[in-house]
Structure formats: C-alpha cells, structure tokens
Amino acid sequence: MIKIENQETVGIFNYLLLHRFYIEHRKNDRSGIYGLTQKMMAYNSNKIEGSRLTEDQTASLFETGTVNAEGEIIFRAKDIEEMTGHFLMFNEILKTVNEPLTEKLIKKYHYCLKAGVFEDLANGYAVGEYKTRANVVSTITTALPEEVPHLMGKLLSEYHSKRECDLEDLAKFHVQYETIHPFQDGNGRTGRGILFKECLKNNITPFIIKDINKAQYYQGLKQVSDKNDYSKLVQYFKEEQKAYLDLAKAFVIPYNIETIEGLRELLKSAMKQPRIQCQAAEQEI
Numbered sequence: 001m002i003k004i005e006n007q008e009t010v011g012i013f014n015y016l017l018l019h020r021f022y023i024e025h026r027k028n029d030r031s032g033i034y035g036l037t038q039k040m041m042a043y044n045s046n047k048i049e050g051s052r053l054t055e056d057q058t059a060s061l062f063e064t065g066t067v068n069a070e071g072e073i074i075f076r077a078k079d080i081e082e083m084t085g086h087f088l089m090f091n092e093i094l095k096t097v098n099e100p101l102t103e104k105l106i107k108k109y110h111y112c113l114k115a116g117v118f119e120d121l122a123n124g125y126a127v128g129e130y131k132t133r134a135n136v137v138s139t140i141t142t143a144l145p146e147e148v149p150h151l152m153g154k155l156l157s158e159y160h161s162k163r164e165c166d167l168e169d170l171a172k173f174h175v176q177y178e179t180i181h182p183f184q185d186g187n188g189r190t191g192r193g194i195l196f197k198e199c200l201k202n203n204i205t206p207f208i209i210k211d212i213n214k215a216q217y218y219q220g221l222k223q224v225s226d227k228n229d230y231s232k233l234v235q236y237f238k239e240e241q242k243a244y245l246d247l248a249k250a251f252v253i254p255y256n257i258e259t260i261e262g263l264r265e266l267l268k269s270a271m272k273q274p275r276i277q278c279q280a281a282e283q284e285i
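Residue numbers (full-length UniProt numbering): 1 to 285.
Take the hints with a grain of salt, since some may be wrong.
Label pairs and their in silico Cβ distance ranges [unchecked claim]:
hint, residue 1, residue 2, range
1, N135, Y255, 27 to 33 Å
2, N135, D229, 21 to 27 Å
3, T64, N256, 33 to 39 Å
4, L121, R26, 27 to 33 Å
5, L144, S225, 15 to 21 Å
6, G116, N256, 42 to 48 Å
7, E99, D229, 28 to 34 Å
8, M271, Q235, 33 to 39 Å
9, P254, D226, 29 to 35 Å
10, D29, L144, 42 to 48 Å
11, K104, K272, 29 to 35 Å
12, G124, N68, 31 to 37 Å
13, S138, E164, 28 to 34 Å
I should point out that these hints are in silico values taken from the structure, not numbers from a laboratory.
Think of the CB as a built atom: it goes at the ideal place given N, C-alpha and C, for glycine as much as any other residue.
Kindly produce the complete structure, drawing on both the sequences and the hints.
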C-alpha cells in the first residue's frame, strides 16, 4: 500500500477519510472507521478526565445505547452522559470541519459535550458558554472568567493570521487554549476535539491522544510550561499521528493502491460523488 508521507498524500488521505466518515454516518454504519474513531476518541478523551467506563462499555454505549454491567459494578451517570455528549460533539466536528474556528463554534462543541450532563447543570455550570467562576488545572494558573472573552478572541485572531498551519502551530494553539481554560469543565475534551478538526482542515494527519500515553502528553505540556519548548509535545503528537494513520489507512485506501497515480484516481472517483454532509449533531447518534 502507498505511503502517506507528504502534503499531497496527506491531503488526499484526509479527503477520503472524511468521505468515509460521512458515508458511514449517513448509513448508520458503526462498523467502519467512523465508528472506530468515535469510540477511540470518546473513550480516551473521557478516560483522561477520570471516566470509569471501559473501552468495551464505551463501544456498547455507542453501538447499542446500553452499558453492560458485570457483578456489582455501579456506573456514574456523569460518565455515561459525557460519553454520549462526546459522540455528539464529534458529529458536530464532522459537520463543521471545513468552517473557520470561531468562538461560536467552540461554544457549540462544548454545548454538544455538556448539555446532557446533569451534574454540571445542577452545579450551575455554564454550558455552551464561557466559565463564570475561576478554576484551576493542577498548578497552572488559568484565566479569570472576565479575561476569557478577550484572551480567546486574541488567541483565535493570532491563529487565523497564519497563512499556513502546521503541527507545531496546533500544539501552540492547544497549549494556549488549555492555559486559558475557557469553560468551567470540558476544556481538555473540546481542546482535543479541536486538534482533530483542525488537522483535517489543514491537511495535517489527524491523531487521537490516548489515555495509555497521557504521561507523554502531560510531560510535553509541562516542558512547554517550564521551558517554552514544544519539541516533546510535537514529537508525541507525531507518534499518535503514525498510530492513527496505520489504523485508519486500511479502512480508507484499498490495499492494492501502491502508486501516487492510483491514489489520485481514487480521489477523482470520490470527488465525482456528491459530497455527503454529516447529519446534525442533535439527531440520534
């Protein structure tokens, strides 16, 4: 199979990946790369934040809407609600993947993630809006609520001022976003979702930050905080890019495509088909 290793091949891969996402979502096919990516992203991003659901339970929730219990296991409602919210957020990301990143769009992602979480609503957390109370992340000082609108506007303005965006630019955006911590909760999950979206939009190989590798992720973030050095974080992102590409390629590109000419023909064929848009995120997953 052809290697995906330069700007042209990555761009074609991303187009074909999105094409598969849209087709499988529309057909309610959860056995392909759309379903696999949904489950991997939701499980890992929520697990990093403390979810107790397993990979199998996440898969069951996505595929059947139920969670299988064994023995005397007790499930937290919040874990299930946030997992479902993540599925909805990913659908919204697919629906808006080619749109410019804006404050309104980021708030929409947060709303999809958190609107069905009873604990957040009971605590008076703003859902789909910026935080109204100060919060902390480990030892990092985050922005005060009254600072968030200005800082988010500035962050997005600087981000959009770049003519081209590469992986290091995304790493810098991610670190600044997490430092601002614009929402009361759900910042890591929206931030990691934004990374996936912007990779697809900017012809960068997408990736999923895995819970099993979260130590590398946090070490990369710490190196930025301590030394303003992004090398470790970018290197970790590259490792996850390779892992996702190795996984997804077989779902997207036929095994007998071995040349760039064959890949281009595959792209031409896909582009002749009407572009299928992902259904609204509010619809049933």
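Going through the hints against the structure:
| no. | hint | in the structure |
| --- | --- | --- |
| 1 | N135 / Y255: 27 to 33 Å | 48 Å, violated |
| 2 | N135 / D229: 21 to 27 Å | 26 Å, holds |
| 3 | T64 / N256: 33 to 39 Å | 35 Å, holds |
| 4 | L121 / R26: 27 to 33 Å | 31 Å, holds |
| 5 | L144 / S225: 15 to 21 Å | 19 Å, holds |
| 6 | G116 / N256: 42 to 48 Å | 44 Å, holds |
| 7 | E99 / D229: 28 to 34 Å | 32 Å, holds |
| 8 | M271 / Q235: 33 to 39 Å | 34 Å, holds |
| 9 | P254 / D226: 29 to 35 Å | 46 Å, violated |
| 10 | D29 / L144: 42 to 48 Å | 45 Å, holds |
| 11 | K104 / K272: 29 to 35 Å | 33 Å, holds |
| 12 | G124 / N68: 31 to 37 Å | 33 Å, holds |
| 13 | S138 / E164: 28 to 34 Å | 33 Å, holds |
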